[in-house]
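Residue numbers (my numbering), protein chains in the order written: chain X, 1 to 315; chain F, 316 to 747; chain P, 748 to 964.
Source of the hints: derived by calculation from the structure; they are not laboratory data. One or more hints might be untrue.
Listed next, the in silico BS3-like pairs over lysine-lysine satisfying Cα-Cα at most 30 Å (straight line) [claimed, not checked]: (1) X:222 / P:782; (2) X:173 / P:782; (3) F:594 / X:147; (4) X:92 / P:913; (5) F:568 / F:646; (6) X:147 / X:69; (7) P:855 / X:160; (8) X:173 / X:291; (9) P:921 / X:293; (10) X:147 / X:227; (11) P:855 / X:291; (12) F:322 / X:300; (13) X:60 / X:184; (14) X:293 / P:913; (15) X:92 / P:855; (16) P:913 / X:291; (17) X:147 / X:57; (18) X:227 / P:782; (19) P:913 / X:60; (20) P:913 / X:65; (21) X:179 / F:594.
Residue strings, one per chain:
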Amino acid sequence: MSDAKPSSAAPPSGEVSRRGFLRNSAVLASGIAALAASLAPLRHLNGYLSVDQFLQKYYKELTPKEMEKVLDRITREVEQQYQIRPHVHDYKPLDGVEFVYCLNLTRCIGCRKCVHACVAENNQSRDPEIQYIRVLKMPHGSLDMEKGDHNYAPASVPEKGFFYMPVQCQQCKNPPCVKVCPVKATWQETDGITVIDYNWCIGCRYCEAACPYFARRFNWTKPSIPKERLNPEMSYLGNRPRPQGVMEKCHFCIQRTRQGRYPACLEVCPAGARKFGNVLDPDSEVSYILKTKRVFIQLKEELGTSPRFFYYFDV
Amino acid sequence: MTSLKTKTKNYLVFLWRCARIAFVGDWRYYSWMGILSIIVLLGINAYARQFVNGLITTGMSDQVSWGVYIANFTFMVGVAAAAAMLVIPVYIYNNKELHDLVIFGELLAVAAILMCLAFVTVDLGRPDRFWHLIPGIGQFNFPGSMLSWDVIVLNGYLLLNVHICGYLLYCRYIGKRPATWFYIPFVFIAIVWAVSIHTVTAFLYVGLGGRPFWNSSIVGPRFLASAFTAGPALIILALQIIRRVTDYRIGDKALLTLRSIVQVSMLINVFLLANEIFKEFYTRTSHVASSNYLYFGLHGYHALVPWIWTAIAFNFVSMALLILPLSKSLKYLNIACLLAIVGIWIEKGMGLVVPGFIPTPLGEMVEYSPSVNETLVCLGIWAFGLLTYTIFLRMAIPILQGRLCQANEGNTAPAIGSGQTPSLGHGQAACH
Amino acid sequence: MNAAARISWVLTGLSLAFLGLSAAFCLDLWGHPAKAPPIPLVDTNFISTATARMSAADLTRSGGDTSGLDCYVCHEKKKPLKLKLDAEGNVIVDKAHDDIVMGHGRHKRNNNCFNCHDETNLELLQTRDGRQLKIVESPALCGSCHGPTYRDWEAGVHGRTSGYWKRAPGETDKMDRKVCTSCHNPHSPPFPSRQPAPGPHSLHPPAKPPAQPERND
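If we strip away everything but chain X, and leave its shape as in the complex, we get:
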């Protein structure tokens, strides 16, 4: 900032003339005024940050008591914003569980109900739109995603000659997003779900660049959720409303699955194309599929990410 305060050149003794002094003060004052005025948009900043939010510790370092306080605070924040009292929990992973998702590409008809059920269950922003699941319309005979169409809108699906492939976070065993996060805001839990601590993420979007599956989403502005569609059953690492400037992604409906239930995308699928469960349980549906079906596709297997999402065909 060059708010100049020069000495006038003329008097050799170095004294500053009155006019020169006034002129210099004018520049300095107007410069400072301009600086203050340039920050004028900040007057619209309300409720962006509280001291508690700023000082909140890393998820893994929170004691149970501190976590309770945090959950209380989140409950209050959501209630203040949406006038609905939510139930915010912190569900821990179940023992002896590793989640796996199987998707039957013969059955998917491309109706996109899973996309919208996920949005409804997980309190995603409607405008701007955040959708964890992306359905690709692929031509028969190819898995080259460049041939996929994301924006199909025919009168009815499925269309002849195509199959439909929904893609969401693959909860990789070797996740590139976890590797690159500079602050460890995203990590993989023991049940296989890669989670994000929304109060720790700094929004650098390195994970979004690293993900080979376009699974991660960023809150480019304050998310907008219509009050009447808010899902009040929330979890800390899952579907509680996220703040501006942080990442989010599919977390296998952690608030449902860690209570033993199916994720929302599966519950809504009219064709029953989605199968989910504990691969460590030999009696689960996913174990049955992995044992009996012959060909599995793990997307971009060659990248070494080892996804926990298996696509297969029946006929």
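Given the coordinates of chain X, work out where chains F and P should sit on it, guided by the hints.
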């Protein structure tokens, strides 16, 4: 032996005098600084808007999640690294001609690193959470994440250069011979460190398996080659401007030494480009999609095609000029440098960062162009960088010329004489 | 103009510029880009977990109109029905049942009513090997021809199984497994096509999308 109290007081007086002299100059100085300040203010205002509304004020999206901020960051890291290119001939090859110019190069590195830190900060979604990066207090993912490496090397490089320049200038100011052990080891460390900052920045991109456009071993060498072309080219232009507006003497020999650095680096840069082109377009795997988009357009999208071909044309013309003895004449050398800087800026920015996102890993085509707000923030940071560098030079040149020194503390008129023209440096009694 | 005067002019100009800038900032003169068109909320049909249709059991459970399931309102017991066939031997569906469109099997292979319905007792179904099944036991009938699919269905892998993944084998109250007829119309089983939900909206919609050739080559 002067006491610690006196030493501190002397140093504070030195800092105060340096700060004061930054506000003194002729009408050209005030115009330049004034215009830059206005641009900085526009940038601050634009960033305030972004802070309130979020990064939706930029042109980025989930599909193209890094844009001009990171592109400029990448370019400026290269410029900062190239300061080492002046250090090598001076300290390793004992080229006395360039000795003082090293300080100008390192001051440029400091300004460039400050710009890099600014670009990264404005790109963050939650800059208020910066403390999460501090090792010990936050959760610093070192050595796993290349971003954490980048934080370390950039800040380390900043400290190294601030120390070296600060120490050498202060020693000149107090008229003392600088102690070799207190700066020479750091100089040699800085040479290696300069290579590392740009390599680590390259590794940010290279380490992403999901982006085949970046996941290639040629990115690192290409970064260094282009940095060592654009950086010294910038220094060549900067030195000539310094020669023009101040009376600091800079011999043509220095400029020609730098020219040979730019020459060799540009040749390597173009050679590596040829390697890339062959690898992409001869084999034609599906990984070629991003290169196709960049050079020829893809599926009807071709926004970057004119940019990259302009950059390549600039690079080739610059290379031709540099090879020919024609560029020994400053006029042609300047043209070659300008073309090289612009060409490489385009290549590293739009030619590297943006095509890595198009098409997305799921094959979607979404293009990117910076928004007005985003551009204002970038211009603000560029202006800030130029402002900082000008201030550094405004402090350093009188010190190097001996016009600002401890001996003439107490004179009221800082470095401005009794003449009509209060241009930089005239009329003040020399210190030594 | 001498140097001092030049400086004066420059600094005065700068002051005015700063003041002008301050005013412009405070008045918020720019920085209001045109908003993208609002994205409408999705129709709640697209987030309902309803199945494609309702099976007989579903219909009964929901308290709907089950009058269509009572055959002997119109038909006489003890009087076996004779089907009307056309010249090629395909069944001609009577006007009374014209809401039924036959489409079971390629080339109309399985369109004979009594392949599945028991002509001696219209309230029962029959398999080809002579077993008689109640209407609500229809999966066994479907499975008598569609073996592999039936096996998958029994394991919970064909069709939708909702509820809890965490259940012990046999804990059927935690599972809501749909029967065949909850999704497939037994007379025309191919899964019905439907209108898809709206596609994704991009963050910065382009002014006009580029004309592009058909991508699926």
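Results for each hint:
no.: 1; hint: X:222 / P:782; in the structure: holds, 15 Å
no.: 2; hint: X:173 / P:782; in the structure: violated, 40 Å
no.: 3; hint: F:594 / X:147; in the structure: holds, 23 Å
no.: 4; hint: X:92 / P:913; in the structure: holds, 15 Å
no.: 5; hint: F:568 / F:646; in the structure: holds, 15 Å
no.: 6; hint: X:147 / X:69; in the structure: violated, 49 Å
no.: 7; hint: P:855 / X:160; in the structure: holds, 20 Å
no.: 8; hint: X:173 / X:291; in the structure: holds, 20 Å
no.: 9; hint: P:921 / X:293; in the structure: holds, 25 Å
no.: 10; hint: X:147 / X:227; in the structure: violated, 38 Å
no.: 11; hint: P:855 / X:291; in the structure: violated, 35 Å
no.: 12; hint: F:322 / X:300; in the structure: violated, 63 Å
no.: 13; hint: X:60 / X:184; in the structure: holds, 10 Å
no.: 14; hint: X:293 / P:913; in the structure: holds, 22 Å
no.: 15; hint: X:92 / P:855; in the structure: violated, 54 Å
no.: 16; hint: P:913 / X:291; in the structure: holds, 19 Å
no.: 17; hint: X:147 / X:57; in the structure: violated, 45 Å
no.: 18; hint: X:227 / P:782; in the structure: holds, 22 Å
no.: 19; hint: P:913 / X:60; in the structure: holds, 26 Å
no.: 20; hint: P:913 / X:65; in the structure: holds, 29 Å
no.: 21; hint: X:179 / F:594; in the structure: holds, 28 Å
Comparing the model with each earlier hint shows violations of hints 2, 6, 10, 11, 12, 15 and 17; every other hint is respected.
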